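All chains should be built: construct the whole structure from the sequences, respecting the hints.
Residue numbers (this note's numbering), protein chains in the order written: chain A, 1 to 378; chain B, 1001 to 1096.
Calculated from the structure, these hints are not laboratory results. Incorrect hints may have been included.
[To be verified] Facing chain A, from chain B, some residues (calculated, C-beta under 7 Å): (1) K1003; (2) G1028; (3) T1055.
Only a predicted model underlies this, so the values are computations on that prediction, with no experimental measurement involved. Glycine included, every Cβ here is placed at the ideal spot set by N, Cα and C.
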Amino acid sequence: MNSPLNRHRNIIDFALSSLLRRKMKNFSLLAVYTLIVFVIASLLFFVHALKREAALLLADAPDMVVQRLMAGRHDLIPVDYAEKIRSIPGVRAVTPRLWGYYYDPVFGANYTLTVPPKPLVEPGNILVGAEVSRNQRVRVGEMVAFRTSDHIPLLLTVKGIYPSASNLVAADLIVMSSEDFQTMFNLPKDRATDLAVTVANPRELTTVAAKIVEAFPDARPILKSEMLRTYDSIFDWRGGMMVVILSAAVLSFVIFAWDKATGLSAEERREIGILKSIGWETADVLYLKFWEGIVISLSAFLLGGLLAYGHVFFFSASLFEHALKGWAVLYPRFKLVPTVDSYHLAVLFFLTVLPYTTATIVPAWLAATADPDAAMRS
Amino acid sequence: MRKSDQFLFFTAFNVALFVLMLLHSHHGQAAAHVERQERIKLVRELMLTDLCLFTEARYTRHPSMADLHSPFQDHPLSLEHFPSGSFLSPPTPYAR
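Below you can see the structure in the form of structure tokens.
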């Protein structure tokens, strides 16, 4: 049987035997190649899933948050700003928000304290995120001691713990009553952290924001679109850490391609010469080199992609944990919802498989077009 | 079995896993719907503005609420200190 399929099977057989003759070199090449694809694919999967989740979750964030700036920094906002903002045409509701940070000197962790607009807990009680409960080693019904700004202990009872599935938004949250919040920080009653503004028509948001800035020159409105944009630009390739990871991966590819493109070894050149002298055509030699390239690059792409998927969506991108954790004591462990963008996969395929395969074929083509006698003697 | 057949089976197996991966991610979206609705409810109920990704500094915990030029907030030469700050671009200032 001399069908094209059979011809290619024979060439693949020969290509695999040829690769196995240099077992150590090719297996280490495959391992490094797979590692590079794995790192890039992990990053792509992780960032895409995170951005998608941010877009879906923050779609229900406040339309606009109005902060007050004092000496270029965020300051508490007078609650009576709310009344004046509410009177701007198009504004449906203005809700003062109370939230802040608490550094626990015992466990060294930072928590976010927040007061819901509609009370969820009675004074003296709190709801905590899963990581706060783990960090403080508390369960429902137990008491936690916080220190107020006057250094007076404040004992609060844990009424509920948010499930770990909520970690992406609530890992470090402590939800408390406004009374406890005011006691905790000695907060003046006529002040709030910022104001959440709901606008009837989202298309009027920028007009309302402009009117707020006009009425209160010390105000800084932050639109929902800006919050979404913040998460759209997260893990931007220009970010410090991303540049380091991506440039390392790209550099490795360049070394691969350079190593391949700069030519064949004397042994490979002689092999091509022998093949041509026993009757192989130039096309057959090119097919041979094409399949050698495909065996390495396609296998690396498939293995790297699959390992990256498992790493990000089954093991919560645990290899990135140390970089993401930074100096934080409280690290939110969250499972991302699996999502794969076929566009990203296609880009990864064309960036990994094609350059390597091309870099394998080009020097082989140069050697295959040479005189077999000269190739064998070289 | 011929080496070429072994390679083709290996590749076919991996391609099948790749297809399963795409199906799993599609199925995962549907399966996570309930949990995601819970998170969305929490965002609405508590009027949250940010994801809890990095808790090490206030401008990395709430990047969208951060002061402008946050890494330089203490003094002009106070360069970025926290590792997670390098994953975040500076907040887009509201164009007045």
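Inset, instruction - Please write out, lowest number first, the hints stated earlier that are contradicted by the structure. - result: none
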